[in-house]
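Below are the chains, spelled out letter by letter.
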Amino acid sequence: MAEYKRPTTKEEFDKNFKQKKPLMNDTEAYYEASRCLFCYDAPCVQACPTHIDIPLFIKQIHTDNVTGASKTIFAANWLGNACGVVCPTGVLCEGACVYNHQDVPPIQIGRLQNYATNTTISEDKVIFKAGKSNGKKAAVLGSGPAGIAFASEARTMGYEVDIYEAKSLPSGLNVHGVAPYKITNEEVLSEIEYLQKHLGFNIKYNSAIDSKEQIKKLEHNYDAIFLGVGLGNTRTLGLEGEDKANVVGAVEFIEELRKKQHKMKVPQKVVVLGGGNTAMDAASESARMGAKKVVLAYRNSKEKMGAYGFEYDLAISAGVDSLFHVTPLEIVGNGKVEGVKFAKTEIVEGKLKTNMKNTFVVRCDLVIKATGQAKMGRLFKLIDNLDIDNRTVIKVNAETFQTSNPKYFAGGDAINGGAEVVNAAYDGKMAARGMHNYLNK
Amino acid sequence: MIDLSINFAGIKSPNPFWLASAPPTNSGYQIMKAFDTGWGGAVWKTLGVPVVNVSSRYGSVNYRGTKMMGFNNIELITDRPLADNLREIEEVKKYFPDHAVIASLMVESRAEWEQIIKDVENAGADGIELNFGCPHGMCERGMGSAVGQEPEVLKTIVGWVKEAANIPVITKLSPNISHITDPGLAAVQGGTDSISLINTIKSIVGIDLDSYAPYPIVDGKGTNGGYCGPAVKPIAMHMLKDLAQHPEIGKVPLSGIGGIETWRDVVEFILLGATSVQVCTAVMHYGFGIVREMEAGLRQFMEEKNYQTIYDFAGKALPNVTEWKHLNLKHKVVAEINADKCIGCDLCYIACDDGAHQAIALSDDPAIRIPSIIEANCVGCNLCSLVCPVEDCITMVKRDDGKENVTWYERTENDDIPVTFDDDRAGGKGHFVPTPQDALKHRK
Ligand SMILES: Cc1cc2nc3c(=O)[nH]c(=O)nc-3n(C[C@H](O)[C@H](O)[C@H](O)COP(=O)(O)OP(=O)(O)OC[C@H]3O[C@@H](n4cnc5c(N)ncnc54)[C@H](O)[C@@H]3O)c2cc1C
Ligand SMILES: Cc1cc2nc3c(=O)[nH]c(=O)nc-3n(C[C@H](O)[C@H](O)[C@H](O)COP(=O)(O)O)c2cc1C
Ligand code: SF4
Ligand code: SF4
Ligand code: SF4
Chain A
269 MAEYKRPTTK EEFDKNFKQK KPLMNDTEAY YEASRCLFCY DAPCVQACPT
319 HIDIPLFIKQ IHTDNVTGAS KTIFAANWLG NACGVVCPTG VLCEGACVYN
369 HQDVPPIQIG RLQNYATNTT ISEDKVIFKA GKSNGKKAAV LGSGPAGIAF
419 ASEARTMGYE VDIYEAKSLP SGLNVHGVAP YKITNEEVLS EIEYLQKHLG
469 FNIKYNSAID SKEQIKKLEH NYDAIFLGVG LGNTRTLGLE GEDKANVVGA
519 VEFIEELRKK QHKMKVPQKV VVLGGGNTAM DAASESARMG AKKVVLAYRN
569 SKEKMGAYGF EYDLAISAGV DSLFHVTPLE IVGNGKVEGV KFAKTEIVEG
619 KLKTNMKNTF VVRCDLVIKA TGQAKMGRLF KLIDNLDIDN RTVIKVNAET
669 FQTSNPKYFA GGDAINGGAE VVNAAYDGKM AARGMHNYLN K
Chain B
10 MIDLSINFAG IKSPNPFWLA SAPPTNSGYQ IMKAFDTGWG GAVWKTLGVP
60 VVNVSSRYGS VNYRGTKMMG FNNIELITDR PLADNLREIE EVKKYFPDHA
110 VIASLMVESR AEWEQIIKDV ENAGADGIEL NFGCPHGMCE RGMGSAVGQE
160 PEVLKTIVGW VKEAANIPVI TKLSPNISHI TDPGLAAVQG GTDSISLINT
210 IKSIVGIDLD SYAPYPIVDG KGTNGGYCGP AVKPIAMHML KDLAQHPEIG
260 KVPLSGIGGI ETWRDVVEFI LLGATSVQVC TAVMHYGFGI VREMEAGLRQ
310 FMEEKNYQTI YDFAGKALPN VTEWKHLNLK HKVVAEINAD KCIGCDLCYI
360 ACDDGAHQAI ALSDDPAIRI PSIIEANCVG CNLCSLVCPV EDCITMVKRD
410 DGKENVTWYE RTENDDIPVT FDDDRAGGKG HFVPTPQDAL KHRK
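Chains A and B, in that order, give the protein sequences.
Numbering (our numbering) for the first sequence: 269 to 709.
Numbering (our numbering) for the second sequence: 10 to 453.
Derived by calculation from the structure, the hints in this document are not laboratory data.
Cut-off 30 angstroms, straight-line C-alpha distance, at most; resulting in silico cross-link-like pairs (BS3-like, lysine-lysine): (1) A/Lys327 to B/Lys350; (2) B/Lys76 to A/Lys339; (3) B/Lys76 to A/Lys289.
Simulated restraints on C-beta separations: (4) A/Asn708 to B/Phe430: 52 to 58 angstroms; (5) B/Val61 to A/Tyr299: 35 to 41 angstroms; (6) B/Gly411 to A/Pro373: 40 to 46 angstroms; (7) A/Gly403 to B/Thr444: 45 to 51 angstroms; (8) A/Gly403 to B/Lys230: 54 to 60 angstroms; (9) A/Asp294 to B/Gly229: 23 to 29 angstroms; (10) B/Leu449 to A/Tyr299: 38 to 44 angstroms; (11) A/Tyr299 to B/Asn391: 25 to 31 angstroms; (12) B/Leu395 to A/Asn368: 20 to 26 angstroms.
Just so it is clear, CB atoms sit at the ideal spot from N, CA and C, and this is done for glycine as well.
Build out the structure end to end from the sequences listed, making use of the hints.
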């Protein structure tokens with residue numbers, strides 16, 4: 269393997285994590301935009317969870333009205349810049365582009381979207397402003413995509429908005445979770461800074477809300493509260509030896525990577541447990557950090573993995589090996605991890621069974637568990653009458669995003685159990701509108 | 010054996026591809042390079058009393074991904090001394106005796122015409138082209154299109170030239186008139202040996218949105234320029250056809266100019282009666298090398314159609330270009346969509362619904378984006394097939410049996426045409442149109 273040298277400087281890190289969707293230049297954008305057919309009732313728009321008017325903004329780029337294009341984009345999606353590069357466009361807008369039906373490459377909608385918004389943000393153009401104060405206040409828990417979208421939309425309608433954020437940076441998993449080859453920290457943060465500057469919501473950092481007293485205070489001080497808390501840390505598997513050093517959760521691993529970048533040291537041999545997009549990311553990222561051997565281990569077949577095919581392909585192309593039909597039994601080692609003991613699995617009468625007679629050990633010095641994030645059940649219990657479903661996600665009205673406790677609205681990973689940035693952006697926007705309708709009834 | 014050579018009113022050329030009088034023919038260097046690349050002839054950049062040009066000279070119209078779909082310029086005739094040009098004409102003719110070198114001329118007085126004709130003949134020019142077309146600058150001084158727009162003046166000058174010249178004379182016409190046959194006939198009556206057309210069209214290609222000046226901008230101001238390039242081809246072809254079909258003008262050879270870039274353009278001009286073609290913008294855009302594509306394509310076409318010379322098919326489309334009143338009113342085509350090719354852009358649907366005859370329906374199932382033609386409503390206008398982005402996806406298919414042929418002319422003769430505002434014979438009477446309120450159905 270060893271296709272990537274361990275990065276020791278910021279430059280080497282950036283090289284190993286080269287952007288998959290680099291910023292378009294004016295010429296590329298002009299020609300790409302010229303290809304769009306301006307379809308009637310365009311299928312790409314329908315495939316975008318936030319329903320951005322794609323043919324319109326592409327035509328605006330083409331006619332040299334890039335500022336207008338950004339307006340079109342942000343009007344539908346407050347995370348329009350990030351979404352352009354972090355969205356799985358191949359299964360969303362670009363996957364629906366009519367060109368696919370004639371085997372012509374689809375319009376690069378994501379990169380055009382990112383181009384327009386990036387231009388506007390770097391020129392610091394004023395394209396929207398806060399609405400006239402309506403005297404009402406909203407609190408937001410979490411400054412992830414859902415919270416930011418809610419806050420932005422609410423500001424345009426004149427609400428005063430305070431965001432309470434547990435961490436010291438805004439934008440949630442967009443900066444702490446998404447793979448660094450999709451978007452840089454700087455680009456994520458500049459979009460939030462731009463929105464905050466022009467719309468004027470407040471973010472209170474290092475302000476986790478985790479007690480009944482705090483909740484009561486918020487309820488007293490605000491007219492409505494939006495829950496955009498996402499998901500929690502990686503949940504424990506209950507494996508023997510899981511407490512050994514160098515057994516880490518994928519989300520924690522990626523967060524450390526995004527924060528420390530080249531200053532983080534990833535050991536030589538890595539085993540990643542799981543079959544979702546997070547597992548693919550963690551494996552890809554370990555390889556790009558210079559690990560000599562990275563093994564992706566999944567309990568079922570390749571086809572059964574939750575990850576998108578293109579994310580798996582990306583991991584393989586980074587030099588990752590994969591093991592299918594294996595389940596971890598125990599983390600072995602002496603205080604520190606030395607390997608993972610696996611058993612083979614097989615399908616017996618349609619059910620996945622572990623074959624305890626067929627076990628083996630894969631040597632490694634880091635285990636990354638990408639087996640799902642815990643839910644925020646503990647927080648939810650602090651709120652009166654908040655209905656949670658059996659997956660511990662908050663139940664909301666599909667149109668208004670209001671929860672069973674009418675003072676609360678919610679969106680993002682906290683209501684869908686983990687989806688994409690674009691879904692969170694949509695939820696936040698719609699929840700703000702839902703709140704506005706509710707408070708003005 | 011295909012023979013591309015031509016004899017155009019006495020001017021011999023190894024092929025019909027000529028450079029139009031313009032920047033690509035500004036010097037002997039350029040013309041030698043062009044002949045070396047495959048051009049058969051060149052009309053020298055217009056000679057006369059040298060001018061002074063401005064800086065910033067060209068503007069263009071870009072369309073979608075295409076640069077210079079239309080092109081305009083505010084350049085005048087040559088700015089080089091006559092003696093330099095004459096020396097270079099001589100040199101070119103020495104190296105390329107069989108290629109056509111035509112001197113484009115524009116002067117004012119009879120004495121000047123006589124002098125300059127003698128000069129270019131002495132230099133070895135094979136023919137003369139009279140530039141009565143330049144629509145900017147020169148016309149303000151009573152030359153160029155100022156002559157082209159006054160048939161009587163044009164006729165007089167052609168007369169002077171013919172009296173003085175021993176080599177063939179081509180009169181180049183300006184399109185900035187209502188009827189191209191007026192100057193065309195004047196040229197023929199003045200005795201011209203042949204006609205070339207079109208020169209550029211008066212135009213403003215765009216306005217700068219910061220300085221509020223038209224392109225090309227010269228220190229904050231601009232002027233009308235001459236429009237050319239692919240955008241003008243349809244206008245040029247129509248004018249060519251008008252001359253070619255005219256009983257008197259059609260007798261002289263015609264050199265087609267205006268937006269020619271590909272072999273197909275060349276063939277189309279020849280089918281409308283041109284027996285030489287001239288090119289400017291395409292060369293300014295891509296260089297002399299484009300002649301290779303033109304020649305290869307022309308040869309391929311002639312091979313497939315079994316033609317030996319371009320005279321075998323020159324003017325072949327002319328009998329089919331007729332007046333509206335002679336078109337068959339019984340001919341009926343309707344659109345047909347090939348569902349296997351359709352990509353579901355629904356451009357045909359919205360084009361027909363908003364811009365034509367509400368003859369295309371979408372499926373009730375939103376997952377199915379392939380539209381269908383409502384044959385009863387389709388008038389066969391072609392619009393959908395023109396907007397469809399997929400090759401050969403929408404075709405227009407014939408629905409009449411070909412047995413009947415009734416024209417407007419015949420119906421007029423038979424007193425069978427609508428004459429009152431509510432005449433029962435109105436073509437669209439009884440044709441389906443939705444009720445106006447249907448437009449607001451979506452509001453419910
Ligand atoms: C590894 C990984 C890779 C991903 N890659 C992509 C990708 O490529 N493209 C894509 O579109 N999506 C991707 N996603 C998903 C995407 O990041 C999330 O769907 C999205 O960030 C959800 O937004 P959110 O606002 O709901 O939650 P989050 O982004 O999780 O934000 C929640 C915020 O709330 C804060 N918070 C939590 N609890 C409290 C509290 N009690 N008090 C105050 N603040 C609190 C958190 O600190 C955090 O900042 C990825 C996710 C992961 C885990
Ligand atoms: C920059 C420029 C200068 C021109 N100068 C002359 C000229 O001096 N004499 C002339 O007869 N036509 C002149 N023309 C007109 C061209 O010869 C030709 O008639 C016209 O451009 C249409 O052909 P095209 O579409 O191939 O360019 C000029 C055109 C251009 C673009
Ligand atoms: S489907 Fe493709 S071509 Fe059609 S509007 Fe969308 S991006 Fe443009
Ligand atoms: S040919 Fe004209 S009327 Fe017929 S379907 Fe097409 S656009 Fe409509
Ligand atoms: S324009 Fe062509 S490709 Fe588009 S929907 Fe109509 S038939 Fe299909």
